[in-house]
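Full structure from sequences and hints, please.
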Amino acid sequence: MEALAADECDATGGGADCAHTCASGYEGGSVTCTGDPGASASADGAWSVTACTDIDECTAGTDNCDANAACADTDGSFTCTCPTGYADTNGDGTQCDQIDECALPADNNCDANAACTNTAGSFTCACNSGWTGDGVTC
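With the working numbering, letter number 11 in the sequence shown gets 11, and the count goes up by one each step, no holes.
Calculated from the structure, these hints are not laboratory results. A few of these clues could be false.
Taking CB as the label site, the calculated pair distances span [what the hints assert, rightly or not]:
{"hint": "1", "residue 1": "Asp92", "residue 2": "Thr53", "range": "21 to 27 Å"}
{"hint": "2", "residue 1": "Ala67", "residue 2": "Asn109", "range": "27 to 33 Å"}
{"hint": "3", "residue 1": "Ala115", "residue 2": "Gly76", "range": "34 to 40 Å"}
{"hint": "4", "residue 1": "Ala72", "residue 2": "Thr132", "range": "42 to 48 Å"}
{"hint": "5", "residue 1": "Gly76", "residue 2": "Ala106", "range": "15 to 21 Å"}
{"hint": "6", "residue 1": "Asn128", "residue 2": "Asp56", "range": "35 to 41 Å"}
Cβ coordinates follow ideal geometry from the N, Cα and C atoms, glycine included.
Quick look at the structure:
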């Protein structure tokens, strides 16, 4: 919660809500003046404070992660991580583009006598007609 100036309650009087907002990524929280107008923040019982709580942007659906990315809530924010087989185009998990592992032979382990098939986040190998094996070895 943000620090409060000692005179925030001066103009509002006892029992009134003082000016207070939670930092980005947090919600709730309030400060109420319970003492006399002009009571300082250090006066015992002069202010009643309810802490701000973290918003779980992942659960709330307010994150901007790519549909394929994993969202992880952090204190006051969130992170997005693209899964294996996807390129993190923007470097922050907001755009995860599928990698075509079959486009370059160096990106897959298919045998030279096998066909590579790109799949969502991965690839498969299958031996060509007339060859046997698991596609990695034919």
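Hints that the structure is at odds with (numbers, increasing): Hints 3, 5, 6 are the ones this structure does not satisfy, whereas the remaining hints hold.
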